[in-house]
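Protein chains in written order, with numbering that gives the first Met the number 0: chain A, 0 to 295; chain B, 0 to 424.
Read the hints as simulated data drawn from the structure, not as lab findings.
Values in this document were obtained by computation on a predicted structure and should not be read as measured data.
Note that CB positions come from ideal geometry on N, CA and C, so glycine has one too.
Heads up, incomplete: computed chain B residues facing chain A, CB under 10 Å, no partners named:
(1) L106
(2) L391
(3) N392
(4) F403
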Amino acid sequence: MTTRARRRRGDPALGAIAAVALGLYALFIIVPVIMSAWKSFTDENPLMAQAKFVGLANYREMTHDSTLAASLGFTLALAAGVTVVANAAGIGFAVLLNKTSLSFRMMRTVAFLPQVLSGVIVGFVWRYIMAEDGILNHLLTGLGIISRPISWLGTPDLAMFSVGVVAAWVLTGFTTVVHLAALQSIPLEMYQAARVDGAGRWQQFRHITFRMLAPGTTISVTISLITMLKLYDIIAALTGGGPAFATQSTALYIINLAFTDDRFGYASAVAMLLLVVSAVIALSVTSLLRRREVDL
Amino acid sequence: MRHRRLLASTLVAAGLAFSAGCSAAAPASPKGDVTLTYLTFETPDLTASFWKTSIASAQAKVPGLSIKDVVSPNTDRDAYAKQLQASGQFPDLLQSITPSTFAQAGLIQPYPQSWVNANFLLPMGNAYKGKVYIPPTNSQIIPMVFFNKSLFAKAGISGTPKTWSDFMADCAKLKAAGITPIELGGGDSFAASMPLVGILSADVLGKDPNWLQERYQNKVHFTDPNVETAVAKYRTMVTDGYFEPGALSVSYADSITNFTSGKTAMYMMGSWFLGSVPKATADDFGSFMTPTDDGTLVVPFSVGGSMAISAKTPDPAKATAFAEDWSLDPANLKTLIEGDGAFPMLKGKTLDDYDVNVTQVFKDSYSYVTQDNTKVSAIGWATNDDSMPSGLNDDFYAASQALFNSNDVAGQMAKLDGEWNTATQ
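Construct all of the structure, not just a fragment, from the sequences and the given hints.
As structure tokens, then:
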């Protein structure tokens, strides 16, 4: 068989690998989503064998669930805030670390390190750092910046802020790497031409770097948003959703509904809501950012 | 071709792994013996070695039985048991779960009442709807108020407070002496709830021991004036500065260290704290009950126990024999007494029969169990008919955290009533 003929018919081995991949995707993603969608119309309880069809009752309950509203509000605020901060920091680090020397390569590795760590480990480590007598308070009191320890995780507003800081710290490793990759695809001639035209560093950044980073930013922002909308592990280890459920993300609320309150059916309905909200936000933001790329 | 062979071998291997995974759940071994699964959990005191030894000991007394332990990833056994049930892997034996949740779903079976009556001091101590699903092997007082004698003396306090006003006066003296009166590990929500558990058990259940049953019957509510008055006492403790301001950032583990190292004068915690009292300085610690307005002694009590037996176990006789033997083994109780501060509840035995090395503060605390006094269910902790609806404990703990930062007692109590109603619908 000629190469052209094989290409036309497709390589059977590659086809089989693709079929296995699609099969696994269907088994572990599509089927659970369909099952969850079905469960969202039932009163399924993890302890009971039989579940009853309840129609739209779970969806109606969501309209007056104040805990869900609070968790969704926190999740959306967290996603928006962390995405902005992590991407701004990622662009900044990428520009600073866009050098080829050994020390800069080592610094890139360090910048990516938080992304490699498990969210649970990150949560526990920061829990110790932000504890009442943790390193952070010792450092700030030692430097004379604060006179008494701050309750970073024990006050609802501060705990929300702390979760955001930790999540942004983790995500910045990822956004830095994505923007670094995008930076390296910018032709050096553009900068040379700009310098010849008398453009300063800020003008070069604004008119060349920032604009040419657009494809990387689209990927980075979209993935950051999705990651934050389904954030569970860091919060579970850092605050457990407290104090008083102040940092309970929607993902955490779903787990609590399912395995603490024994309400699989309602938890599935909330999971469907989160899926739809995430999809709408991700598609809207991607479409908006893609339009920006076209405008370049 | 090589691709195809690789793919075929991968699929065959995956198929074998899948079928092996399916058959792993089969109960019978080739010899015809039975293998049962046992959900356990590990703590610094109840170590993997403890479980291994205790399982081997009980297993040896039941011929033809093998036990495979399934270790919970954390101490929340109920949540893990639910996950296992949801994935079709409900264990045959489950250590220290909340029986009401699982009994309602028909997932666990009761023990023979004659065996329970014959072996335990309070046979119905943790019974749910008239049946015993967990042998009542031990009990806890939740919470006790532990105190540091040296810090009390430094603040000029002699003796322990009998009434609530005495307690508040002692807190004021300690604060005036520059000592934080009460330790609170509020970063862990269950630990944050301890002062509220103590006050509500003493003030509300002390006057009406059937309050939780009446709440199920919708006759009483968290928004009732007597409940709100009791909760307001906790707010006063916060606003008067008797806890450190950042107490909700302090983890449960750190709260133990803070108190045992003498940073704070009192610690409201379940009697399991007795297992953490340092032996070298044990004489410096004492305990008393959360004081009431008129000085009446109320002991918030919870009878715990060993393991529940699955209603679907393939061999109920062997599962029951194993569970009964494990529950009556003095060696297991010794570990629970020394490490977990458990108060033993086996009939006809004294502390000496367990060959334990316990502190004086343990002995003094244990005397509240053996004395004739007013014992009530520890609200939020009881596992009998007075247990809260499934999921409500977490809401109760969260309310305790919220009330540390908010004056809205009425709002938090209304929220609890709403959550109770949703949970019992």
